[in-house]
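Chains as they are written, first to last, in this note's numbering: chain A, 366 to 678; chain B, 366 to 678; chain C, 366 to 678; chain D, 366 to 678.
Since the hints were made in silico from the structure, they are not lab data.
Do not rely on the hints blindly, as some may be mistaken.
Copies of one chain are not kept apart here, so a pair can be met inside one copy or by any two copies together.
Stated by the list, open to error - Distance condition first, Cα-Cα at most 25 Å in a straight line; then the derived PhoX-like pairs of lysine-lysine:
{"id": "1", "residue 1": "648", "residue 2": "542"}
{"id": "2", "residue 1": "429", "residue 2": "474"}
{"id": "3", "residue 1": "648", "residue 2": "668"}
{"id": "4", "residue 1": "524", "residue 2": "542"}
Protein chains: 4
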Amino acid sequence: MNGTLGGLFVVLMTPLDDSGSQDEGSLGRMLDYYVGAGVRGFTVLAESSERDRLSNREKEANLKTVFDKLQGKLPIVVGTGRESTQLTIEESLSAEARGATALMVSPPKNPKLRDQTIFDFFAAVGDSVGIPLVIQDFPQNDRPYMSPELIARVHHEVKNAQYLKLEDAPTSVKLEKVKALVGESLKVFGALYGKDAFWELDQGAVGIMTATATPEYLVSMLDAFFRGNRSRALDIYLYTLPLAHFLADIGVAVRKEILVQRGVIRTAKMKQPASELTISARKQLAETLRWVELRMSETLGVKPHRLVSDRLP
Amino acid sequence: MNGTLGGLFVVLMTPLDDSGSQDEGSLGRMLDYYVGAGVRGFTVLAESSERDRLSNREKEANLKTVFDKLQGKLPIVVGTGRESTQLTIEESLSAEARGATALMVSPPKNPKLRDQTIFDFFAAVGDSVGIPLVIQDFPQNDRPYMSPELIARVHHEVKNAQYLKLEDAPTSVKLEKVKALVGESLKVFGALYGKDAFWELDQGAVGIMTATATPEYLVSMLDAFFRGNRSRALDIYLYTLPLAHFLADIGVAVRKEILVQRGVIRTAKMKQPASELTISARKQLAETLRWVELRMSETLGVKPHRLVSDRLP
Amino acid sequence: MNGTLGGLFVVLMTPLDDSGSQDEGSLGRMLDYYVGAGVRGFTVLAESSERDRLSNREKEANLKTVFDKLQGKLPIVVGTGRESTQLTIEESLSAEARGATALMVSPPKNPKLRDQTIFDFFAAVGDSVGIPLVIQDFPQNDRPYMSPELIARVHHEVKNAQYLKLEDAPTSVKLEKVKALVGESLKVFGALYGKDAFWELDQGAVGIMTATATPEYLVSMLDAFFRGNRSRALDIYLYTLPLAHFLADIGVAVRKEILVQRGVIRTAKMKQPASELTISARKQLAETLRWVELRMSETLGVKPHRLVSDRLP
Amino acid sequence: MNGTLGGLFVVLMTPLDDSGSQDEGSLGRMLDYYVGAGVRGFTVLAESSERDRLSNREKEANLKTVFDKLQGKLPIVVGTGRESTQLTIEESLSAEARGATALMVSPPKNPKLRDQTIFDFFAAVGDSVGIPLVIQDFPQNDRPYMSPELIARVHHEVKNAQYLKLEDAPTSVKLEKVKALVGESLKVFGALYGKDAFWELDQGAVGIMTATATPEYLVSMLDAFFRGNRSRALDIYLYTLPLAHFLADIGVAVRKEILVQRGVIRTAKMKQPASELTISARKQLAETLRWVELRMSETLGVKPHRLVSDRLP
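Bound conformation, chain A alone (with noise of 0.2 Å):
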């Protein structure tokens, strides 16, 4: 657990049962799932995981979940960035308490905020903690734009600013920059679904974190890339991308579909106001599912994951 992360580290969704609530039995079975898939962490109340629509309560359930289940055989990346320093403050220093290997970390939600008011915020969680930092560069649903020389002061003024999960399309291009002011020493996860996963690892990714509901697949793809097998790692990626863009608006509730389809957890439900899957949708993502199990499974000899440890009822 003292060593760098990389690798596939898995953003947690929250399945929901009928009614809308945090379904806990699902969310054992997702953790079977993506542990018998070779994962090699999770990152848990995160945005995929609808974090501000759950309830206190749900999260607190969440967490127990996770952390009772995986007994610290593997890490845990905690979200913890909140709408003001104080509250990010207080989010960590909790996450830290309860085991966290790491902290997840974006500036709050008001797209105004300027450099130095970024670098503060950062400097304040930073210091406030004693466990590295994931530095999430993702400017959407109204959070600020962070320059390459903005994320290169943060990681070398805020000591455990050690990682960051890059989401500011196109990824692999903003790689490549910072990369160039850090080197190595910021340890870069792709993101946003994997879309640009086999480029990003390209570009010195160390891993890539993200909500997939097809673990088996960059697990291969991060296995054959770091054997040196670059040609295997980019069929894997190819063949699957129809996956990785499958709707990507309402991504969660895509990923969560395939979870279905897949008997991992009971509904695809979003926790409401948010979209769902149509039918029609529904109908063309069990096609692409397929068409990519079998162009993977004939072509590539990677078999689609199932979930073994258990069955829905």
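Place chains B, C and D on chain A using the hints.
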């Protein structure tokens, strides 16, 4: 308390101490200050309260202070709009149980929410409680646009959607359109710091609901208007307009600074990250305040309101 | 030319020379290239043509080259949406006089335009010309949202509003909603680089209108689909998807680079200021293109299209 | 004309006739009206001129009328910022050839333009002409943010970037920051309808450049301020503030309506689609105007400016 709400409802800002935490002593003095100025009610945990930046502990303490101190003598509207329908309902039920007079609810922060989704959100919230809703029409900070037709539909079909806080500029223009659809049955509050308060009254608003630091002016304007002295109300409105517009982009910080200059609260700090007034801006504000106070006092006989029930130690 | 428009309509990008001015030699070769690939029509002076960055002289030369070269053998849709109703009408009348088959029109860049205003805009434009309108539903770059109901109203009440270019993602979901209101009478083109082209066809699109650099793939996909070979169409769609999504944020620069790599145009320059491909991105694109060309050729027998009528000197 | 620009520069709106076309008679009267009020210069073809909604013919006629009528007696700043570097240079060269005193240039409408790209844009434009540039800092309508550091760099490295029109609210706060970096060498104009005009002067602005319909008030405020009568200037500013803020979201329509009420132009029409004043808003504006005129006349002895050189037939 069961009558129709109207007049000046003060949106209660959150005073902070030097460490940036809620200052409950100042909060108490603010309540005295506003009650002494003759406000007709309070709106708490609104956006100008920096609600999303307060800790749960601070929000609970805020509500407790306000409810304990007011003892049912004035109506209290609680802001309970949150990022999901479920959270909004939970907060609304909790506020109702605590004795709230009404609930102020805006749609979640997602500019892509469409009419039917927004309607369903209000219907679900309205059906879950027994007290009136104040629909907050505030299409800023990533919140969605609501057409006059949509607002009218929510009012007509959700039985307790009896009030509207209209803050979609230009407000007096939209107010006229909404009124053409709903007549007198929807009670509308003006907002946005009272920038268009007189014209909102002229179009039929029943009151103003905003974070003001000079409540005596809005109170006297409303009194004059409702007593039929339109000309005096217009004078008050126009003489005091410089305060309504002073650095409106950071208007909460401005209003806190006025309360500091008037001795009501200790600091003008904001939950970070957020802009505060520069030294220059504080001087400009002091000049503006003096100018308005002098004109109002000499020309219209409205003296500056002072806090009498307490003093900063 | 009087029949119904459908199939692949290429949105014509503007090739530039080293000085950044329109390169008419390359433009001529592009026309040969696309005609040779079997496209069914052209759409010119669209957003992907960098229209708002061209000089009046360049726009005039562009139209002259296209109309002279095509000689009425293929339909030409001209993008005539401008920032005011009056300018849009002037451009539309001018394009009609020149022999345009239809006019592509999006609302002006103002996200606060409301339904009635947008309707009035289309009605005024439609009434002023005698050829069909392609309503462009492109709520990006500050353009307003158009609901399915509004699109249906424009179609039903503006007699020549016969086509829709739908680029409000997720497009196939919106297409299904629009179709539920208008049936077959509104002809819909898919768009957005063909990212969801297959699903758009599946929902009833009559064609795809986009800036593609590999027209042979969209042509063969459309052929397969309309001949009833759905499975082959889906294969083509999924194998070629990596090209549709490659650095889509700077998609015009990507498509120009492919045309350079295929020898059709001289440079991949963009009218400044605009992003161009980095050296790394050009290599990544070349790898992606080779991968797709190989799969398409070996697996589905679709050879890469080459320019045969001309050569770069 | 070779001295330093300063004082009130009126941004010239475009008066329209009943058919919505530019009304050159009204344009001529506007020039008389403003010259008679003692303005120090004109800024033409700016955003408040509805420039992007005018036809090429109208823009040419506008420039011809202004240059012919002013005959070099007052400086003319021409707005030449366009959507590409090339177009901006073309427009700038053309304006310089016509005799423009300076060029007002804002970056293109793309909020994702970054510092180096914006710098390169200004450098390319500055290098191509021999007259001063007014950098327009107007991060609205999709234009990018410019930091004080970036503005200082453009000023220091682009030799003719001698002026700044600062309209990034709160302007007086940004002005202080910019001044701390550039001292007196960059001449700054306040803007945004004069909403913060007095504070901008207080921070060192050399003038105000805005579309006003009551130029006598800004002229008298500037006179008082520069003659050292700060108190009188503040009085003028605060008494006239209601006009600066009246329905500022549709401020051009408001200012046209005042010109109609004062008999300068024929209609308050706007190039469609754009909001115009409702009947109610026109009445409110008339009341506000009368109130301000009366206070200014009785309290400060500034009579309302009237057009004397011409009359509407």
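- Query: Among all the numbered hints in the text so far, which are the ones the structure does not match?
  - Reply: 2
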